[in-house]
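Student: Mind docking chain B on chain A? Use the hints.
Chains as they are written, first to last, in our numbering: chain A, 22 to 270; chain B, 22 to 270.
Don't take each hint at face value.
[Claimed, not checked] Reference excerpt, derived from the structure (chain B facing chain A, CB under 7 Å, subset only):
| no. | residue |
| --- | --- |
| 1 | E34 |
| 2 | F36 |
| 3 | G42 |
| 4 | L109 |
| 5 | Y190 |
| 6 | A226 |
| 7 | H230 |
| 8 | M238 |
Bear in mind the hints are in silico, worked out from the structure with no lab data behind them.
Just so you know, even glycine gets a beta-carbon here, dropped at the ideal spot from N, CA and C.
Protein chains: 2
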Amino acid sequence: MKPYIGSYPFEVETFQVDYTGGLSFGFLANKMLITAGNHANERGFGKERLSADGKTWVLSRLAIEMYEYPNEGEKYHVETWVEGVTRLFTSRNFRVLDKDMRVIGYARSTWALIDIATRQPADLNTLYDGALAAYGHDAECPIKGVSRSRVSATEPTGTFMPLYCDIDYNGHLNSVKYIEHILNELPLDIFRSHMIHRVEVSYSAECFHREHLAIFMDKKEESHEYDVEIRKEGGEVACRAKIIFKVKD
Amino acid sequence: MKPYIGSYPFEVETFQVDYTGGLSFGFLANKMLITAGNHANERGFGKERLSADGKTWVLSRLAIEMYEYPNEGEKYHVETWVEGVTRLFTSRNFRVLDKDMRVIGYARSTWALIDIATRQPADLNTLYDGALAAYGHDAECPIKGVSRSRVSATEPTGTFMPLYCDIDYNGHLNSVKYIEHILNELPLDIFRSHMIHRVEVSYSAECFHREHLAIFMDKKEESHEYDVEIRKEGGEVACRAKIIFKVKD
Numbered sequence: 022m023k024p025y026i027g028s029y030p031f032e033v034e035t036f037q038v039d040y041t042g043g044l045s046f047g048f049l050a051n052k053m054l055i056t057a058g059n060h061a062n063e064r065g066f067g068k069e070r071l072s073a074d075g076k077t078w079v080l081s082r083l084a085i086e087m088y089e090y091p092n093e094g095e096k097y098h099v100e101t102w103v104e105g106v107t108r109l110f111t112s113r114n115f116r117v118l119d120k121d122m123r124v125i126g127y128a129r130s131t132w133a134l135i136d137i138a139t140r141q142p143a144d145l146n147t148l149y150d151g152a153l154a155a156y157g158h159d160a161e162c163p164i165k166g167v168s169r170s171r172v173s174a175t176e177p178t179g180t181f182m183p184l185y186c187d188i189d190y191n192g193h194l195n196s197v198k199y200i201e202h203i204l205n206e207l208p209l210d211i212f213r214s215h216m217i218h219r220v221e222v223s224y225s226a227e228c229f230h231r232e233h234l235a236i237f238m239d240k241k242e243e244s245h246e247y248d249v250e251i252r253k254e255g256g257e258v259a260c261r262a263k264i265i266f267k268v269k270d
Numbered sequence: 022m023k024p025y026i027g028s029y030p031f032e033v034e035t036f037q038v039d040y041t042g043g044l045s046f047g048f049l050a051n052k053m054l055i056t057a058g059n060h061a062n063e064r065g066f067g068k069e070r071l072s073a074d075g076k077t078w079v080l081s082r083l084a085i086e087m088y089e090y091p092n093e094g095e096k097y098h099v100e101t102w103v104e105g106v107t108r109l110f111t112s113r114n115f116r117v118l119d120k121d122m123r124v125i126g127y128a129r130s131t132w133a134l135i136d137i138a139t140r141q142p143a144d145l146n147t148l149y150d151g152a153l154a155a156y157g158h159d160a161e162c163p164i165k166g167v168s169r170s171r172v173s174a175t176e177p178t179g180t181f182m183p184l185y186c187d188i189d190y191n192g193h194l195n196s197v198k199y200i201e202h203i204l205n206e207l208p209l210d211i212f213r214s215h216m217i218h219r220v221e222v223s224y225s226a227e228c229f230h231r232e233h234l235a236i237f238m239d240k241k242e243e244s245h246e247y248d249v250e251i252r253k254e255g256g257e258v259a260c261r262a263k264i265i266f267k268v269k270d
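So here's chain A without its partners, still in its complex pose (with noise of 0.2 Å):
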């Protein structure tokens, strides 16, 4: 067996950070996803081993706890590891470490698997003769999962369509640029004078090319912290995250 936990080292480079200076949040995600791709697909039970058997890996939800980010030229590390499993959901945890190898921020998700034709729930227990069930591990990850946050605005704060450069290779909506997205809606200034602490993200329909989206946005004013929804023409919730904020020290 390979070691429970994966590591993966990246650097942050040029067109990789915000306007402020930072990691660009949609990197960092999209980070993440890949070390969770490379863990499964090292350890059998990635990607590459399931499109053969006419199955894929469906996110279902996101959080991730940042504490501070690293700056352009920086190295860091994101750890990923098998947390456990049930028969419908596996949970992938994570961890980011900056170049001194402190840890700088946590995630966790949940995945389902599904068969790509039926669009059925795979039983992961017995997947691969247990091959990812015998991978659960333990190892800390102190933050809390998707909490499950309603948004009460009637009216949208903006609306977008999935374009071009939004579309991954299954035709949909890629999983990190919902989360661009609210964060496009979100007022500029914020992201200089605040850090993402938190974002969570329940993923529950695919959104596709040129479909009209509305984003809905309550916004609790103390603190800094906004629950959304992704709804689509008909009123479907496509997603619901939550994004908090923290002052920049």
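Tutor: Then chain B, alone, in the frame of chain A:
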């Protein structure tokens, strides 16, 4: 002195491909700009030294021509060198090589150096006692520079506003995002049947957060060639571009 040509290895990561599975054009263009920055920094005329002197490089023109694209998981290399220097502009060329070191593309770019406070251009021949000029090198780059096409369309095909995720640390629309917003306006199907063979961009104005921008486009029916302008509300041209597609093999 360092070698004239800098060579930088990359790998096509998950999420760096478009919906057809090949390296997305935006990521490729970003990698070129990253190698330009690294090459310049390593030779003493990059952002690190210049920003201490209150100066910054400004990308003026970019022409990229690709014959094929690496796929997800494949390694590739971007090579770059300074072609020549005049008083106000320097030309920097690129070569893209696949995993077997076969050339799969070239690019030409033109840059000016400006004083950040006064926006006045600097004399490049005398910069750092001719440090930049000393690196002029004539490796093969058999593609044309940016042409001078004009757009006759009087109605925009679409509009957009630069949002948080489009804005770089200068507070402007990132150079590559101009290209991505143009690609987003093209019919999605063309990326399935055709590859982006050549992209030309002439940058003429900086664009800002939530500024209203319109995309004007002439299409040459037979050749799958698009001439494009991004214009500001008053009509000022922010950039001119040409996108040429080629049927996929």
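Student: Decide, hint by hint, whether the structure agrees.
Tutor: Hints, one by one, checked against the model:
| no. | hint | in the structure |
| --- | --- | --- |
| 1 | E34 | holds, 6 Å |
| 2 | F36 | holds, 5 Å |
| 3 | G42 | holds, 5 Å |
| 4 | L109 | violated, 24 Å |
| 5 | Y190 | holds, 5 Å |
| 6 | A226 | violated, 18 Å |
| 7 | H230 | holds, 5 Å |
| 8 | M238 | violated, 14 Å |
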